[in-house]
Each structure stands twice: as structure tokens, then as C-alpha cells.
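Protein sequences appear in the order of chains A and B. All residue numbers for the first sequence refer to my numbering, where the first residue is -17 and numbers rise by one. All residue numbers for the second sequence refer to my numbering, where the first residue is 1090 and numbers rise by one.
Among the hints, erroneous ones may be present.
Unchecked claim - In silico lysine-lysine, DSBU-like type, Cα no more than 30 Å apart, as pairs: (1) LYS191(A) with LYS1219(B); (2) LYS1117(B) with LYS191(A); (3) LYS1383(B) with LYS14(A).
Treat the hints as calculated values from the structure; they're not laboratory data.
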Amino acid sequence: MTQLPTHTDRKMGLVIDLDTCVGCHACVISCKGWNTENYGAPLSDQNAYGSDPSGTFLNRVHSYEVQPSPCSSQPDPAAQLVHFPKSCLHCEDAPCVTVCPTGASYKRVEDGIVLVNEDHCIGCGLCAWSCPYGARELDQAAGVMKKCTLCVDRIYNENLPEVDRVPSCVRTCPAGARHFGDLGDPDSDVSKLVAERGGMDLMPELGTKPVNKYLPPRPKDQIDDQIDVLAPLLTPVAEEPKGFLGWLDKALDKLPGHSEGGSN
Amino acid sequence: MHPAPSVIIFTTLSGLGFGLLTFLGLGKPAVTGWVAFVFYALAFGFAVGGLLASTFHLGRPERAWRAFTQWKTSWLSREGICAVAALLIMGLFAFGAVFLDTHWWILGWIGAALSLATVFTTSMIYTQLKTIPRWNMPLTPVMFLTFSLTGGALLAGAEALAPWFLAIAGAVQLAYWAKGDQAFAASGTDIGTATGLGDRGSVRAFEPPHTGSNYLLREFVHEVGRKHVMKLRAIAITLGFALPLICLILPVEGFMAKHLLAGLAVLLHIAGVAASRWLFFAQAEHVVGLYYGKR
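Let the sequences and hints guide you as you build the complete structure.
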């Protein structure tokens, strides 16, 4: 039924760190791969190698530029580039569920995951109309609505090694910008992360109460004590060639003719 | 929003058909026999034709029957139930009027109420969407209901009522545009709240997630169609309400002349309402466009 549960036992969801995301789109590709080969209808492409390619994706990465206003401490603030992955936020008050005329859309009581029963979906598209986040896409080949399942076929899958029992996007992210866990449990790692870093909701004014949270990026031009945690490793290792390379360098310099890059 | 022909035809024609059924159910005019047959054929043609057109935008139309099950939460489900109930009850009422020369008034009144309920539930499908501020206002159902009653009055030949409905519906249309033009700004949703980054500076979409188009952009972002808004509004208000009003209040004599003018008024009105519905969809801006730096 499309009535929302009054309470879910857990609130499984994602925490996305906008400070860490490097915009590599690896999560997009791994999501497309896993969800094409597993649960439900495959995520189809149309005209994939033609002039106007298009396809179904459950996760897309936008990039935004944020230009702070000048102030006395920062008269000429630098703009910041923020990479912004976006997928279903598994809202507590999910409008996509209640508008569904067939009962195909539902929110699970046990973990709060919002799913589509693809055998009941008529492809009317109204749930996509009601979603502010663009999380639902009507698959043009299957004619049914596709959305993030939070990899429901991975997270409880005992055929997978334990380390793989997280959503595909989380498992893949090379920057560690995506975290998975129970946001209904205040003692879970993800809840602590949200509390510590000031996790935020997208479009809170629409009253959807998203479960997924976004961690705001730090202003990277105002970090005084340390440019980067990797900075100590970035100093040049060998400025002067030594040993055999040093001898070769000197020997080659002595030969007649012009060497690019100058001489020692 | 993408102005899909299927939904424009559906809302225009079914509004007209259920408007006429409302008048027929209330016995204005209380026709029987062949005259009734023509009236009901017209009403059912519009209402059923519109409903059929709406199934063309479904991905899996063969499962459409499932849409009758979720009336507890879904306005689309409620609309389906109201529409089928209205058509069944008015079908019985029409049977009595056409073949048995009798009016089962209880059925007529219930059928009229269900016909109006169908139009109301249709309008609520759009009105409920907080994601589209231009639709998410009380004026949306008012507009759908007054348009339907106006079309019904014109088709039913309700000479006394139709000019009043035309004037009221025209005024509602103007108010809807005036209020709708401010709706998106008034909603408080912008790219800042969409990304959660608004309090750190001005946010600009720098790179889209992909170079091509996608379902979301095709369905929700329709910037091209808004180019001729003022011209289309002038066409909609002139054809839909002003000219039909003039047709009805012209002091002409004779049965033929009156009927020809009334027929012309109906055709003009349908063209005007279709233009208005086109704008209703093309001008509706979905908040998801903000993520793409578009409206």
C-alpha cells in the first residue's frame, strides 16, 4: 500500500561528504553496472553510440560553483567547486510513495528503504513528478520507474563477502566520500558523522524529511595550519641527481651540443 | 513541464465531457429520446476519449487497472475511481433518458456530483505537487472546475448561465496567471536550498552530470515553450472566453443563427482552453530543474 509507515525500525541511508567527493563519477558507473545486472529491469540506454545518447541512471554527479560574498576579512573570496552526487534520499515523508496509484511504490517498515515493485508499476510517471530531487527515472525500454534501491540486493546478501554488503556506490568510492548506515540510531557511525560535521537536508522546506544527509564542504582557502594532509609527502624527493644518474648527467653535459632543460 | 499532447487532450476534453454530464445529470436540459442520445454521445465521447488519451503516456498501459487500488492516498487513483463511477451512473441515467423516456433523478444527481468530483480529483493530481509551485495553489482546482462548468454550460446550451460562467472562468484564468507568475519565487526553493550550499555564497551550476539529455530534462525542463507566453495568453483568453461571450450575447434572431453562433462559441472555447492547458504544462517549472541550473 502507498500509505507511508508511521515508524520504521531502522533508517538505512547514505551520508555524502561534499568535502571529500572528487567528482570522479565512479559511483555513477558502479551503480549503473550493479543495477543493470541485478534487481529488476536493467537500466537501459537509448541511442548509446549515436548522436543523442541517453540512458537511465539512479545516481548522477553534478558540479556547482559557490561564490562567497566579499566581506572585511575576505575582500576577494575565491569561488569553490563542489562535486555533488545525487540519488534517492529515501525520505521519511516520501511524496513519491503516496502519489502512486497502483501501490507499486512503497517504503519498507524494517529499514525505511523506498522501493518500486516493477511488476505493478504502470509507468505513469507521477512519482517522478512528485520527487524534488530527480531521483526517479522512467526507463524507456522497460516502461517502469527506476530508482535507487540502496542496493537492497547487496546489503543483506550473504553470498557476498561482508565487506561488500554495502551499496555499490559506497563500496566503489575511491575518496571515501560515501558512508552507509542506520541514521535512525544516534550511536551509529553515520549518525555521529552527521552530528560532528553538521550534516544537512536538501530542500528541507518541502517537508520530505530526507534520510540521506550531506556533509558540507570546508572552505579550502581558509585552512591555515595545513594545506593538505598529504603536503609533507609532496616535497621533491631528489632535486640533484646522485650516483650513477649524477655521473650520467655530468657526462652528457660535457658532450658538444645543446641539452634541453639547461645544465647543472 | 513537458506539454505532452496526451495530457493536454485528456484534461481539455474530459473536463468538457464531465462538465456536460454534470448539466445533463441535473436535468439542464432534461432531454429524452434522440436529442438525449446526441447529448450523451457528445458527453461520453469527450469524457471517454479524454480518459483514453491519458493512457497513452503510461509506460505499461496494460496494467492500468491497478490504478484503482490506492484511493487512500493517491489522487490519481481517486480520479480513476470517480471517473469510472461517474460514467457508470450517468450511463444508467442516459439509458433511462434515451430508451425509456424517463429520468431517474437520484442517479442524475449522484452522477452530476461524481462528474464534478472527477474534475476536482484530476485537478488535485496537479495541485498536490509541491515540486511545481505554479500548480501547488488553491486556484488550480478552482480553474479546472470553472473551466469544466463553462464548457458544460456551452455544450448544454444553458443560455442564461453560460455567459456568467464564461466571465467567471476568464477572471479565474487571469487570476491564476497573475498568482502563478509569483509562485516559484514565493515557494522559497532555489538552487541554494536545493544544494544546501546557499548560505555560503551564490551557487551556480558549473557542470551537468552528463553532456546529453535525460528523462528528467525531457520531462521537467521545457524552456523553449515559454518563449511566446504573452501571445499564447492573449490567444487563450480571447478564444476561450472573450469571443464565446460575444457570440452568446449578440442580439440575433432565429433558431439557425443562434445555434450556429452557439456552435462557434463551443469551438472557440475548446481552442482557447487547449491553448491555456498547453501553457499550464509548458510554464510549470519543476524544482528539479534547479539542479541543472535550468527552470
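Taking the hints in turn, this is what the structure says about them:
{"no.": "1", "hint": "LYS191(A) with LYS1219(B)", "verdict": "14 Å, holds"}
{"no.": "2", "hint": "LYS1117(B) with LYS191(A)", "verdict": "49 Å, violated"}
{"no.": "3", "hint": "LYS1383(B) with LYS14(A)", "verdict": "25 Å, holds"}
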